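Given next are the chains, with one letter for each unit.
There are 6 protein chains.
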Amino acid sequence: MELPEVLLHERLLEFLKEDIGFGDITSEATATLGKRVNAQIIAKEPCVVAGLHEVKKLFEMLKAEILKSVSDGDEVPADTVVAEVVGDSRAVLMAERTALNIIVRMSGIATATRRLLNKVKKHGQTIRIAATRKTAPGLRYFDKRSVAIGGGDTHRFRLDDAVLIKDNHIVVAGGVENALRNVRSKISFTKKVEIEVKKPEEALKAAQLGVDIIMLDNMTPEKVRESMAILEKNGLRDKVIIEISGGVTEENISAYAETGPDVISLGSLTHSAKAIDMSLEIVKTD
Amino acid sequence: MELPEVLLHERLLEFLKEDIGFGDITSEATATLGKRVNAQIIAKEPCVVAGLHEVKKLFEMLKAEILKSVSDGDEVPADTVVAEVVGDSRAVLMAERTALNIIVRMSGIATATRRLLNKVKKHGQTIRIAATRKTAPGLRYFDKRSVAIGGGDTHRFRLDDAVLIKDNHIVVAGGVENALRNVRSKISFTKKVEIEVKKPEEALKAAQLGVDIIMLDNMTPEKVRESMAILEKNGLRDKVIIEISGGVTEENISAYAETGPDVISLGSLTHSAKAIDMSLEIVKTD
Amino acid sequence: MELPEVLLHERLLEFLKEDIGFGDITSEATATLGKRVNAQIIAKEPCVVAGLHEVKKLFEMLKAEILKSVSDGDEVPADTVVAEVVGDSRAVLMAERTALNIIVRMSGIATATRRLLNKVKKHGQTIRIAATRKTAPGLRYFDKRSVAIGGGDTHRFRLDDAVLIKDNHIVVAGGVENALRNVRSKISFTKKVEIEVKKPEEALKAAQLGVDIIMLDNMTPEKVRESMAILEKNGLRDKVIIEISGGVTEENISAYAETGPDVISLGSLTHSAKAIDMSLEIVKTD
Amino acid sequence: MELPEVLLHERLLEFLKEDIGFGDITSEATATLGKRVNAQIIAKEPCVVAGLHEVKKLFEMLKAEILKSVSDGDEVPADTVVAEVVGDSRAVLMAERTALNIIVRMSGIATATRRLLNKVKKHGQTIRIAATRKTAPGLRYFDKRSVAIGGGDTHRFRLDDAVLIKDNHIVVAGGVENALRNVRSKISFTKKVEIEVKKPEEALKAAQLGVDIIMLDNMTPEKVRESMAILEKNGLRDKVIIEISGGVTEENISAYAETGPDVISLGSLTHSAKAIDMSLEIVKTD
Amino acid sequence: MELPEVLLHERLLEFLKEDIGFGDITSEATATLGKRVNAQIIAKEPCVVAGLHEVKKLFEMLKAEILKSVSDGDEVPADTVVAEVVGDSRAVLMAERTALNIIVRMSGIATATRRLLNKVKKHGQTIRIAATRKTAPGLRYFDKRSVAIGGGDTHRFRLDDAVLIKDNHIVVAGGVENALRNVRSKISFTKKVEIEVKKPEEALKAAQLGVDIIMLDNMTPEKVRESMAILEKNGLRDKVIIEISGGVTEENISAYAETGPDVISLGSLTHSAKAIDMSLEIVKTD
Amino acid sequence: MELPEVLLHERLLEFLKEDIGFGDITSEATATLGKRVNAQIIAKEPCVVAGLHEVKKLFEMLKAEILKSVSDGDEVPADTVVAEVVGDSRAVLMAERTALNIIVRMSGIATATRRLLNKVKKHGQTIRIAATRKTAPGLRYFDKRSVAIGGGDTHRFRLDDAVLIKDNHIVVAGGVENALRNVRSKISFTKKVEIEVKKPEEALKAAQLGVDIIMLDNMTPEKVRESMAILEKNGLRDKVIIEISGGVTEENISAYAETGPDVISLGSLTHSAKAIDMSLEIVKTD
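One line per chain: the protein sequences are Y, S, V, L, B and E, in this order. For the record, in the first sequence the residue sitting at position 219 is 219 according to my numbering, with numbers rising by one throughout. For the record, in the second sequence the residue sitting at position 180 is 180 according to my numbering, with numbers rising by one throughout. For the record, in the third sequence the residue sitting at position 83 is 83 according to my numbering, with numbers rising by one throughout. For the record, in the fourth sequence the residue sitting at position 5 is 5 according to my numbering, with numbers rising by one throughout. For the record, in the fifth sequence the residue sitting at position 153 is 153 according to my numbering, with numbers rising by one throughout. For the record, in the sixth sequence the residue sitting at position 169 is 169 according to my numbering, with numbers rising by one throughout.
It is worth saying that the hints were derived from the structure and are not from the lab. Some hints here could point you the wrong way.
Where chains are identical, the list cannot tell them apart; a pair therefore holds if satisfied intra-copy or between any two copies.
[Stated by the list, open to error] Here are the simulated DSBU-like cross-link-like pairs (lysine-lysine), alpha carbons at most 30 Å apart as the crow flies:
no., residue 1, residue 2
1, 199, 57
2, 198, 134
3, 63, 44
4, 44, 134
5, 239, 284
6, 199, 166
7, 121, 284
8, 134, 205
9, 274, 205
10, 199, 121
11, 17, 63
12, 284, 122
Every value quoted in this text rests on a predicted model; they were computed, and no experiment measured them.
With the hints as constraints, model all of the structure from the sequences given.
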C-alpha cells in the first residue's frame with residue numbers, strides 16, 4: 001500500500017501546517033536566507049526504518065532534498081545515518097520536527113512488527129503478524145503502512161473493505177447465526193467475512209456456516225489449541241483462516257504461535273507504538 | 001486549550017471518514033436499523049481519563065448520545081465505566097473504534113503526565129511537567145490537550161508562538177550570541193524567547209543576554225545543579241525560567257526534580273504514549 | 001453501504017456549492033422571503049426510486065423538509081409523487097435542480113439494475129448483477145449505492161479493497177502465473193483475489209492457482225459454457241466465484257445468465273445511466 | 001471555459017482519491033517498481049473526443065506522460081488511438097480507470113452535442129445547441145466543458161450568473177408580471193434576464209416587458225411557430241433571443257430547428273450521456 | 001445575493017479558525033465555564049449596517065445568540081446598539097473579534113456605497129453605483145454583498161459570468177474590432193458583453209459592433225459628455241448601457257452623475273473601505 | 001513570518017478560484033492561446049511595496065513568471081515599475097486582478113505602517129508600531145505580514161499565542177485581580193501575559209501583579225504620562241512593556257510617542273487600509 005506522491009502531498013501538508021502556523025519565527029530570526037546546510041537524520045537505537053519515502057517527499061515540498069538514505073524496511077544498528085539532507089537552512093530547520101515526528105513513529109511501529117514477526121517465524125514460516133484498526137486517529141494510512149514495511153499484514157483498512165463481525169454485532173443481532181444470516185446476501189461477493197468467537201464450539205459453528213476467517217478472541221493458548229482441534233476433527237481447519245487476537249503480548253506470543261494459527265493480530269503495534277530515538281543534526285553549513 | 005465544538009467537528013469528521021469509507025458494511029448487515037442500544041465505555045486499568053469531550057461530540061455527530069460520564073481529568077480505578085452511550089445500534093457500532101482510538105490515546109498521555117507530575121511535586125509544588133512538539137503527526141492539538149488535562153504544561157503549540165533557539169539554530173547562526181543578536185529586533189514583543197544550552201557557562205551567557213527561558217538540554221542532574229549555581233551566583237536565577245529537557249525518564253525524573261527547575265519537559269509523553277486499555281460493551285438492546 | 005448523515009453532508013454541500021455560487025439571484029428577485037410552499041417531486045416514468053435519503057438530507061440542509069415520500073428501492077409507476085417537500089420558497093427553489101440532478105441519476109441507475117436483475121433471475125435466483133468501477137468521476141459512492149438500491153452487487157469500491165488482476169497487469173507481469181506469484185504473500189489475508197481471463201484454459205489455470213474469483217472477460221456465451229465445463233470437470237467450479245464481464249447488454253444478458261455464472265457485471269449500469277424523468281412542482285403557496 | 005491546470009489539479013485529485021484509497025494493491029503486487037510501459041487509449045467507436053486536456057494533466061500528476069494525442073474536439077473513427085501514454089507501469093495502471101472514466105463521459109457528451117448540432121445546422125447555421133443545469137452532481141464544469149468542446153453553448157454555469165425565471169418562480173411570484181417586476185431593479189446590469197413561457201401570448205408579454213431571452217418550454221413545433229409569428233407581428237422577434245427547451249429529442253429536433261429559433265437546449269446531453277467505448281491497452285513494456 | 005446558512009457556515013468557520021488556533025486561552029483562564037453574559041454591539045459612528053446576517057450565524061455557530069438587532073441595510077446614528085448578544089461568556093468573548101472584523105468591514109463598504117448613491121440620485125434616480133472586482137483577496141462574496149446591502153450594483157462576480165474586454169485584452173487582440181470578432185461566437189448567449197473604451201469614437205464603434213455595455217474608462221466628465229453625444233446622434237444611446245469607471249472620487253462623482261450615465265463604478269468602495277468604528281460591550285453577567 | 005511556498009500555494013489558490021470560477025471567458029475569446037506577453041506592474045503613487053513574494057508565486061502557479069522586481073519593503077516613488085511579468089497572454093490576463101488585489105492591499109498596509117513608524121522614530125528609536133487582530137476576515141496572515149514588511153510589530157497572531165486580558169474579560173472575571181488570579185497557573189510558561197487598563201492606578205496594580213505587558217487603552221497622552229510616572233516611581237517601569245492602544249491617529253501619534261512607550265498599536269493599519277494605486281500594463285506582445 002503506497003499512496004502516489006500527489007496524494008501523499010496533501011497529508012504531509014496537513015502535518016506541516018499544524019507545526020508551522022504563520023511561519024518558523026525562530027529560524028527566520030537566526031538563519032540567514034539562502035544559506036545552505038547539510039544535515040543527517042541519525043537513528044540512535046537499532047530499528048527497522050520506516051517513513052523515508054514520506055520524509056523525502058516532505059523535504060522536497062520545502063525545496064530541500066534527501067541526497068542518500070537507507071531504504072524503508074532496512075534494519076539498522078544504533079547510530080546509523082538513515083538519511084542525508086541538503087537544502088536552505090531555513091527549510092531544513094522548518095521541516096526538522098515534522099520529519100522526525102513522522103519517521104520516529106513509523107519506524108517504531110515497523111520495528112515492533114519485525115521483532116514480533118521474527119519471534120513467530122520460529123514457530124511457523126507463514127504465520128502473519130497483523131495490525132488492527134486500533135491506530136492513532138487520522139493516522140490509519142501511516143500506521144498500517146508502517147506495519148507493512150515491518151513485514152506485517154495490514155488487515156482491514158476501514159469499515160468498508162471486509163466484514164468483521166465482533167462481539168457487539170453478535171449481541172445486537174442476537175447470536176452468531178442471526179449475525180451471519182444476512183451477511184452473505186447483503187455483502188458483495190468481493191469481500192471476505194470474518195467473525196470473532198470466544199469459545200471453541202463457536203469457532204466450529206462459524207466454520208460450518210462458511211465464514212472465511214475466524215478470529216479467536218481473548219482465548220488462552222489452550223483454548224486456541226482446543227479450537228484448532230475441533231476444526232481439524234471436523235475437516236474444517238483448511239477451509240478457514242485462523243486469526244488470534246486479544247491479550248497477545250511480546251511475552252506470550254510464542255505460546256500462541258506454537259498453536260499454529262494463520263495470523264496473530266495486536267492492537268498494541270499501533271496504539272502504543274514506542275517511537276525510535278532519532279535526531280537531525282546539521283553537519284555542514286555554507 | 002479547548003476548541004469550540006464547531007471546530008472540533010471538522011477534526012472528528014476526518015477521523016470518522018478514514019474509518020468509515022463508504023459505510024460500515026458489517027453493522028448494516030447485522031444490526032437492524034432503528035434498534036437502540038445502551039453501551040458502556042470501560043477503562044480496564046487505572047488511569048486519568050481524557051477525551052470525553054471529544055468522544056461526546058463524536059457520538060452526537062452520529063446522533064447517539066453520552067448519558068453520563070466521569071469528567072476529563074478524573075483519576076479512575078480499573079473497571080470504571082467512564083461513559084454510558086445510548087443510540088441507534090448502527091451509530092454506536094460505527095463510532096466505536098474511532099471513539100476508542102481517541103480516548104485510549106488521550107487518556108494514555110494524560111495518565112503518564114499525571115504520574116510524572118505527582119513524582120516531581122514531591123520535590124517542588126510548582127515544578128511543571130511540559131510536553132514538547134514531539135507529537136504524532138496531525139495530532140498536535142489532541143496530544144497537547146491530553147497533556148493539559150493530565151495537569152501538564154502545553155509548551156509551544158507550533159513554530160510561530162514563541163522563539164526556541166535549538167542546537168541547530170546555533171550552529172547555523174554561528175554561536176549563541178549570533179543567534180540571539182537579531183531575535184529581539186525581529187520578534188514581536190508579545191513572544192517569549194527560549195534558548196537551548198548544553199553547558200553551565202552557556203546558561204549564564206544566555207541569562208546575561210536576557211532570554212526569558214533557558215532549556216538545559218541533555219545535562220546530567222549534576223550539570224543542572226552547576227548551571228543553577230552559576231545563575232544564582234550571578235543573581236540571574238530569578239530572571240529566567242529554567243526548563244530541563246532531554247534524557248529525562250520515569251526513573252531519573254526525581255533526581256532532576258531535586259535540582260529545583262521550573263519545568264521538566266519530555267517528548268515521550270506524546271511520541272511514545274502507551275494507550276489505556278478500554279473497551280465499549282453493549283449492555284442493553286431494545 | 002450508507003454514509004452517516006454527517007459525512008453525506010459534505011458531499012451534498014459540494015453539489016450545492018457548484019450550483020449556487022454567490023446565491024440564487026432569480027429566486028431572491030422573484031420570491032418573497034418567508035413565503036412557504038409545498039412542492040412535489042414527481043416521477044414521470046416508471047422507475048425504481050433511489051436518492052430519497054440524499055434528497056431528504058439536502059432539503060434539510062436548507063431548512064426545508066420532506067413530509068412524506070416513497071422509499072428508496074420502491075418500484076413506482078409513471079406520475080408517482082415520490083416526495084412531498086415543504087419549506088421557504090427560496091430554499092425549495094434553490095435546492096430544486098441539485099435535488100433533481102441527484103435523484104434522476106440515482107434512480108436511473110437503480111432502475112437499470114433492477115430491470116437486468118429481473119431478467120437474470122429467471123435463469124437463476126442467485127445470479128448477481130454487479131457494478132464496476134466505471135462510475136462517473138467523483139460519484140463512485142452515489143453510483144455504487146444506486147446499484148445496491150436497485151438490488152445489485154457493488155463490487156470493489158476502489159483499488160484498495162480487493163485484488164483484481166486485469167489484462168494489463170498480466171501483460172506487465174508477464175503472464176498469469178507471474179502475476180499471481182507475489183499476490184498471496186503481498187496481500188492481506190482479508191482481501192479476495194480475482195483475475196480476468198480471456199480463454200477457458202486460463203480459467204482452469206487460475207482456479208488451480210487458487211484465486212477466489214475468476215472474471216470471464218469478453219467471452220461469448222459459448223466460451224463461458226466451455227470455461228464452466230472445464231472447471232466442473234476438474235472439480236473446481238465450486239471453489240471459485242465466476243463473474244462474466246465485457247460485452248454484456250440488455251439484449252444478450254439472458255444468454256449469459258443461462259450459462260450459470262455467479263455474477264454478471266456491466267459498466268453501462270453506471271457509465272451510461274439514463275436519467276429518470278422527474279420534476280419538482282410547487283403545488284401550494286402561502 | 002477552461003480551468004488553469006492549477007485549479008484542474010484539485011478536481012482531478014478528488015477523482016483519483018476516490019479510486020485509489022490507500023493504494024493500488026493489485027499493481028503493487030503484480031508490477032515491478034520502475035518498469036516503464038507504453039500504452040494507448042483507443043476509441044472503439046466513432047466519436048468527438050473530449051477530456052484529453054484533463055487526462056493529460058491526470059497522467060502528469062502521477063509522473064506519467066502523454067506523448068501524443070488527437071485534439072479535444074476532433075471527430076475520430078472507430079479504433080483510433082486517441083492518446084499514447086508512457087510512464088511507470090504502476091502509475092499507468094493506477095490512473096487507467098480514472099482517466100477512462102473522465103474521457104468516456106466527456107467524449108460521450110461532446111459526441112451527442114456535435115451530432116445534434118450537425119442536425120440543426122441544416123436548418124440554420126446560427127442555431128445553437130445548448131446544455132442546461134441538468135448535469136451530474138459535482139460535474140457541472142466537466143459536463144459543460146464537454147458540451148463546449150462538442151460545439152454547443154454552455155448556457156448558465158450556475159444560479160448566480162444570469163436570471164432564469166421558471167414556472168415555479170412564476171407560481172411563487174403570482175404571474176409573469178409580478179415575477180418580472182423586481183427583477184430589473186434587483187439584478188445587476190451585467191446579467192441577462194430569461195423567462196420560461198408555456199404559451200405564445202406569454203411569449204409576447206415577456207418580450208413586451210423587455211426580457212433578453214424567452215424560453216419556449218415544452219411547446220410543440222406548431223406552438224413555437226405561433227409564438228414566433230406573434231413576436232414578428234409585434235416587431236419584437238429581433239429584440240429577444242428565442243430558446244426552445246423541453247421535450248426535444250434526436251427524432252424531433254429537426255422539426256424544432258425548422259421553426260427558426262436561436263437556441264435549442266436539451267437536458268439529456270448531460271443527464272443521460274452515453275459513454276463512448278474506450279480502453280487503455282499496454283502495448284510495450286521495458 | 002445571499003448564501004444559504006449551510007454555505008455561509010464554511011466561510012465563517014475559516015474566519016473563526018484563523019483567530020482561534022488551539023483555543024482562546026485568555027477567556028479559558030479568566031471566564032468561568034457556564035457563566036452567561038449579555039453583550040451589545042455598538043456602532044460608534046453613523047453608518048449603514050451590513051453583516052448582521054453573518055454575525056448572527058457566527059454567534060450561533062458558537063451556541064450564542066443574537067436576541068435582537070437592527071436590519072442589514074438600516075442607516076443608524078452614532079451610538080446605536082446594532083445587536084444584542086447572549087450566550088456563554090467564553091463563546092461571546094471568543095467570537096468577539098471575528099464578529100467585529102466582519103461587521104465593521106461590511107458596514108464600511110455599505111456606508112460608502114449608500115453615501116455615493118445618495119449623491120448621484122440627485123442627478124438621476126436610476127443611476128447605479130457599482131462595485132468592481134477590486135475586492136480584498138478571498139472576500140469577493142462579502143465585499144460584493146456589502147455593496148448590495150448599501151444599495152449598489154454588484155457588477156460581475158467573477159471572470160466567468162460576463163465578458164468585459166479591458167485595455168489589455170484589446171492590446172493582445174490587436175484592437176477593438178479584433179477583440180470583439182470572436183466574442184459573439186465563442187460566448188454563451190446568456191452572457192452580456194462589455195467593453196472598455198478610452199475615447200468617444202471608440203464608444204461609437206463599440207456600440208455599432210453591438211456590445212451590451214460600454215465602459216468609459218478614465219474619461220473626464222467632458223469626454224463622457226462627448227461620448228454620450230456621439231451615441232445619441234447615431235441613435236445608439238438607448239441600445240447600450242453606459243458605465244463610467246476610473247478616477248471617480250467622492251469629490252467629482254456629481255460631475256460624472258450629471259452627464260447621465262447608467263452606472264458609475266468605483267474600485268475604492270471595496271479596496272479601500274474604511275471600517276466603521278464598532279465595539280462589543282458586555283453589559284450583564286450572571 | 002513567512003509561509004513556505006507550499007503553504008502559500010493553498011491560500012493563493014483560494015484567491016484565484018474565487019475570481020476565475022469556470023474560466024476567464026473574456027481572455028479565452030480575445031487572446032490567442034500560446035501568445036506570449038510582457039507586462040509591468042506599476043505603482044502610480046509613492047509607497048512601500050509588499051506582496052511581491054505572493055504575486056511572484058501566483059504568476060508561477062499559472063506558469064507565468066516575474067522576470068525582475070523591486071523587493072518587498074522597498075520604498076518607491078510614483079510610477080515605479082515594481083515587477084515585470086512574462087507569460088502566456090491568457091495566464092497574465094487571468095492572474096491580473098487577483099495579483100493586483102493582493103499587492104495593492106499589502107502595499108497599502110506596509111506603507112501606512114512605515115509612515116507611522118517614521119513619525120514615532122523621531123521620538124524614540126525603539127518605539128514599535130504594532131498591528132492588532134483587527135484584520136480583514138480570512139486575511140490575518142497577509143495583513144500581519146504586510147505590517148511586518150512595513151517595519152511594524154505583528155503582535156498576537158491569534159487567540160492562542162499570548163494572553164491579552166481586555167475590558168470584557170475583566171468584567172466577566174470581576175476585576176483585574178480576579179482576572180489575573182488563574183492566569184499564571186493555567187497558562188503555559190512559554191506565553192506572555194498582557195492586560196488592558198484604563199487608569200493609571202490599574203497600570204500600577206497590573207505591574208505589581210507581574211504581568212509582562214500593559215496596554216494603556218484609550219488614554220489621553222496626559223493619562224499615559226501619568227501612568228508612566230506612577231510605574232517609574234514604584235520602580236516598575238522597566239519590568240513591563242508599555243503598549244498604547246485605542247484612539248491613536250496619524251494626527252495624534254506624535255503626542256503619544258513623546259510619552260515614551262514601548263509600543264503603539266493601531267487597528268486602522270489593517271481594518272481601514274487604503275489600497276495603493278497600481279496597475280498591470282501589457283507592454284509587449286509576440
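* Should residue 17 paired with residue 63 be assigned to within, between, both, or neither, using CA atoms and 30 Å as the limit? -> both (16 Å within a copy, 25 Å between copies)
* Asked: Given identical chains, is residue 199 near residue 121, meaning Cα to Cα at most 30 Å, within a copy, between copies, both, or neither?
  -> Within. Shortest intra-copy distance 26 Å satisfies the 30 Å Cα cut-off; inter-copy 39 Å does not.
* **residue 239 and residue 284: within-copy, between-copy, both or neither at 30 Å Cα** => neither (60 Å within a copy, 35 Å between copies)
* Is it within, between, both or neither when you check residue 274 against residue 205 at 30 Å Cα-Cα? -> neither (39 Å within a copy, 36 Å between copies)
* Is it within a copy, between copies, both, or neither that the alpha carbon of residue 63 lies no farther than 30 Å from that of residue 44? -> within (27 Å within a copy, 35 Å between copies)
* How would you label the pair residue 121, residue 284 (within, between, both, or neither) given a Cα cut-off of 30 Å? -> neither (43 Å within a copy, 40 Å between copies)
* Asked: Using 30 Å as the alpha-carbon threshold, which applies to residue 198 and residue 134: within, between, both, or neither?
  -> Within one copy only: 20 Å inside a chain, 39 Å across chains, cut-off 30 Å.
* **Alpha-carbon proximity context of residue 284 and residue 122, limit 30 Å** => Close neither inside one copy (45 Å) nor across copies (43 Å); limit 30 Å.
* To do: State whether the alpha carbon distance between residue 134 and residue 205 is at most 30 Å within one copy, between copies, both, or neither.
  => Answer is within; shortest intra-copy Cα gap is 27 Å, inter-copy 39 Å.
* Asked: Is the C-alpha distance from residue 199 to residue 166 at most 30 Å within one copy, between copies, in both cases, or in neither?
  -> Within. Shortest intra-copy distance 13 Å satisfies the 30 Å Cα cut-off; inter-copy 41 Å does not.
* Classify it for me, residue 199 with residue 57: is the Cα-Cα distance of at most 30 Å met within a copy, between copies, both or neither? => So residue 199 and residue 57 fail the 30 Å test inside a copy (48 Å) and across (36 Å) alike.
* **Within, between, both or neither, where residue 44 and residue 134 count as close if Cα-Cα is 30 Å or less** => Intra 27 Å, inter 16 Å, cutoff 30 Å: intra and inter.
Checked against the numbered hints above, the structure violates hints 1, 5, 7, 9 and 12; every other hint is satisfied.
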